[in-house]
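Q: Spelled out, the chains give:
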Amino acid sequence: MLRNYIKIAWKVLARNKFFTFVSLFGISLTIGILLVLATLFDQIVGKHYPVGPDDHLIYVATVSQEDGKGSGWNGGVGYYLYKNFIQKMKSPKNIAVISQPKSTNSFVGDRKITLSLNYTDEDYWDMHSYSFIEGKPYNAEHMRDKARVVVITRATRDSYFGEGVSAVGKSIETDNVVYKVLGVVENVSEASIYQYSDFYVPLTLATQQLQNPDLIGQFIVILQGETENDIPTIKEEYKDLVARLTVPAASQGWKQNYKIISSYAMSKIERISSGFVIGQEPQMGLLTTILTAAMLLFMLLPALNLINLNSSRISERSSEIGVRKAFGANSMTLAWQFIVENILVTLIGGGIGLLLALGALEIIESSELITHAELGLQFNVFLFAVFLCLVFGLLSGVLPAYRMSKIQVVNALKGLNS
Amino acid sequence: MIRQAFKLIWNQKGKHLGLFIEIFFSFMVLFLVFSFGIYNLQEFFSPLGYSYEDVWTISFNREGLEQEAALLVDEQIEDALRSYPEIQEFSWTQGNVPFANTSNTSAMSRGNGNVQAQRFTVDDNYDETLEVKLTEGRWFEEQDEVFEKSPFIITQNMAEELFPEGSALGQKLKWGDTEEDYREIIGVVEDFRYRGGIMESGYSFFIRKNNDHLLSDMLIKVTEEADAAFEAQLIKQLHQIAPGYSLEIRYIDEMRSNFLLVSFIPMLILGIIGAFLIFNVALGLFGVLWQNISRRKQEIGVRRAMGSSKAEITIQFILEIMVLATISLILGIFFASQFPLLDVFGVNAGIYIVAIVFAAICIYLLVFVCALIPSTQAAELHPAIALREE
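Protein chains in written order, with this note's numbering: chain A, 1 to 418; chain B, 1 to 390.
Just to be clear, a hint being listed does not mean it is correct.
[Stated by the list, open to error] With beta-carbon atoms standing in for the labels, derived distance ranges:
1. A:D55 x B:D181: 36 to 42 Å
2. A:T288 x B:Q377: 47 to 53 Å
3. B:Y364 x A:L355: 31 to 37 Å
4. A:E186 x B:A80: 38 to 44 Å
Keep in mind that the hints were calculated from the coordinates and are not lab data. Keep in mind the model is a prediction, meaning the values are calculated, not measured. Idealized CB from N, CA, C, for every residue including glycine.
Next up, chain B with everything else stripped away, as it sits in the complex (with noise of 0.2 Å):
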């Protein structure tokens, strides 16, 4: 029977590429649509490593103040931010800090092979004010002041990247692929995504800060009892501090639902502009079939005059258009499947496999429900009815 469709289709080659094509270009934007917003959510939905609850950010812009000055100046609002009882952590950091625009990445690698990781530059407080976890060895430590050049803490993923074969603790890393900056790993730490695993690579690693670079951002872990009152008069102090400065005070839960807005825009507009395609598809399809159905009455009346069933007759039409489907599938999951075989975007292969299902069984039910209303209804013409056309 499916012989016959195919048969059927294939007599009519020329009428039906058209068809073809469109089913084809359908699956394919399904299928790029689904990947997106399903690589998203799965980022949405999995553990940040960290906690951004009453979590703010202070920024400091010294404006070209001398690096001696600037130093003693800094030391003065340490011992402010220790004075206030609202405040319970703070932790020095370099622009990356959670859900920001920034971005610092470096190639890492174990002499062979690197991969891009988001560096952050942290002092030995940042593990306590963002409840950062480790899974093995320690964070760093004022003892590790000694060190010219900073060891390493990585994440947990990173970790099982490089060293596949086992535990990444004392092994060594390489920073950069110019100079040869080989440096011990001291932590691992659970996956760190600082902006929910949006648009970022994944790997992250930590170095500790030295005092020949000042840092320009602070993360404050305050209590609950903080408010805007809290915040106008620790700026007002700030300002005192450091006349020259200019700062700025961000709430990093706010920072994080304006990136998750930002982010999930381009999502919410594809996603409409591929609702959209695909219900003119299905509308345009529905219209094709009726009129191809209908053109064929004299075929039904001599079918269903030689003893064919209604039910047969539905089925044929049916499975005619399914076998036009599944020919446009197998080109489109030819295509689709080169993005996780050319590993385009470095993303899971998984996502892809997912994406191309949902396309597939999207498209089937399209076809379907597009071709069961003209085709039942012209199984239920009476032969003589639709003989007499002729």
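Bound conformation, chain A alone (with noise of 0.2 Å):
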């Protein structure tokens, strides 16, 4: 039956040659273009080097004080927050912290180059999956003795000391501080908000931060689960954590006004949600509806086109639907039939969509719009393709196939369409 169906599917695209472009260059660009979208904003939300399939993190990135009058101040995750409480949390696995980036000068003879450079601790190399080209990262000891060590991405090396030349044990000055390089990593991506970096230096060395009172301050805290499911009993011991935070006696006076504290741990994705707005919850229902509204309408004239276009060609096919009729077929089966040959061109215009969809990628990746971004296509971004697919299929085929399938047989036999 279904052979049967893909057959005369066949032949009608076959049979109007003009009328198959229109139909596939809609669907194959409609698809092209969100499997584009969502593969940009996979490369933000989904699990990407450095964070390997079996890292489960979840981010601390802000902090904020409220007077509940509408002022207040914001900012990162400070060093005294993370010290007295955050690190003493019993559900995460491993417990991590980042500075935000700091930009850097290095100048190498008369050229200029910006560094974006990071403190981290050491735990944070054991809950990544970074890939050391040559040597290794800062431990403990590097720690405890405040060693000038770093380890810089491949791009840094390449451009500071040449390409693919050796780094490992060599010296780099960048803002007149001369640091020795322990190990080089493969680049990071820019999507990657909050392990980007081009220059990672041990936390220890950031004195002036490490001595800042306040609650607020310039780190991200990285809280590790064993596994996907210990996340939601890491986001209720913060939110308990936070409920029981008060501000620091040591703040300075002004800031003792503000006295409502929220902060969350928030996944990439939770992050979005919350509109990168401090202090404010994630709301992930309707970051769920946005998208999908966006997504429905972008779809909806390339549909209603396609609608149009397959319910003017409901007399080409009158006949058949006549003698199909007289012999027997339902409504429903007809309806039926004309859906899933709309199904079949819309697959066949997505297999087109995801082609355009890789090339597209392949000139955004090449013209490093987003730094270091690797943009290879995603298994989920493929299912989602395929889904789609189907929604514009349905979309698109359900109307005119219950129109063809209302003909009076004597009028569809007769060539008429009414």
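Assembly of the complex is requested from the two constituent chains, each provided in isolation within its own frame, with the hints serving as guidance.
A: The following block contains the structure:
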């Protein structure tokens, strides 16, 4: 049965080249554009290098203090909060800290290189899956000795020491401070919003920031769970921790006015759902609604186009419909056949769309629009594409199929379509 | 004739509903793309109100250094900058240097109703460094040190908005809406678009820095000779003066290109998506009209036999689709006109009107082109052949 449908669908496609082109053009570009957008979104929220598939991470990136009357101040996590509270949490398997990136300048000859420098602790290396091209990360000993050592990325090595030149053991200077290179890692994509850096140095070198007495500071705390199931428990524990927080006595006078403290442990997608507004709870429901609505709205015009096109082609097939009806096929069977046909067409269009998306991603990747991003098509994005095709096929197939199946036998045989 | 075309459309309203909805949505897409594009282009070509050529910015992170110590360091930094012949002018400011991502907005009012304005905390040298042009009054001077609360300098467009009756000079304005904080306006400057008009409210005002708050950014105007080697030398010296600080030098013209790139990418994407949607609709419309017209051969045959000319038949088909498009456009314009009427984005209504006109012209062109070829082909049919199809 299905084989017959496929055969008929193929014949219909081959019958009128222009209509086939219009249908496939609309479907493939719609699916292609949505796939590119989905891939870019996945780059930010998905698990990509240096987060491995088994690294179950959640982030505390912001803290805010308010007075309840509309004023307040906010920022990243203060070292005080990390050291005295977060580090004592029980549910995470591991806890690490990384500073917000700081821009530094390096000069090679008369060429200026701007490097993004981040301070991290040694646990940071355990909970990620960095791939080291050479050397190794710093450990607890380096941290204790406040060693001026650094882990750099491949791009930093290539622009400072020269392409492919081994860097371990050599010195690198930035902002007039000299560090010894301990390791070189593969480049990190700018889309990894918390992990992106050119230059990782031990946390203990950030002397000023470590003395900061406030809850708010310049760090991001990363909490790791044993499995994905631990994440809700960690969130819950952090929520309780925040509820018990008070403004530290050592904070400056004006900061004492802002007593309402809010901070959340959030995954990357939850951070996006909070609209990047600091102190805002994640709103996953809202984000899903907005994304779904935007997607459907974008698919609306191409779908309307297909509906109109398919409806106006009913007459082409009225004799076929008449014959089948005369031999006893009911409306349901016919409608179903047309929907299956339409879905087949959408799947072919989707396949072309997939190729188009791959080409577009290749272009975006080579343009370095997102620094160091590697935009491969993920399996879940591929599944999303198949799902989109089905939605699109149904959306544009149901109405014409209904109309076709409603045609009276006599009229159909005569070639009229009313 | 138009009534005739309308009647024909109406008799087949079930079948034409799909086309009607499609043309309506196409119009809305075109309207939104045009509004967004025209708005951005208009802002892009407006004068900035300052000059960013050869201006660099240095941002200082004092990393928790005590106020008093930091003040001394700042003075040393200023002395060092004065000693370089490459540096013509320099000025302290806070955060929102031209084309930065930072934004400091405040609600400003005369007592009732306020405007959101961009706040610039500056020193006496800011107007020289950025070549800000005064239209009335004066810039901040040493003598303003005596004020505990700095007076205001506002932009021309803000002065016109808040004081439509006359000069804003000497008038008082309130900052924020919680406290009663009225201050005098001592100067008016030309419209100041620190991000080139993109993603900003358009109104700006300036207050003088006070010594209790150290400012984090500096603007320096350099000569043409200043290059990367000079920059390296400058950074080295600044690090010697202030070893604990982390600082960053950026060029305003580079920041401007980056900013424009980032803000034009959404426009480009929107434009491409819009063009793709419309092209798609055009192809579909062409197909549908082709199909519809070729199914009316008997009608064409009868009309031709009764003496209608080819042109008359072509015109009839085109007129029909034009009437349909007009009905869709009436609905579309109804929705589109809600944007200026409800003032959704606070954008000048003229932009929407231009966008509506452009979008409507595009739709008419689109349906005309899509209907022209099938209708002329149909009109070419010989009456005898057309009638024989029956």
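Q: Now tell me, hint by hint, if it's right for this structure.
A: Hints, one by one, checked against the model:
1. A:D55 x B:D181: 36 to 42 Å: violated (51 Å)
2. A:T288 x B:Q377: 47 to 53 Å: holds (49 Å)
3. B:Y364 x A:L355: 31 to 37 Å: The hinted range 31 to 37 Å holds for Y364 (chain B) and L355 (chain A), with Cβ atoms some 36 Å apart.
4. A:E186 x B:A80: 38 to 44 Å: Holds, at about 41 Å.
In this structure, the one hint that does not hold is number 1.
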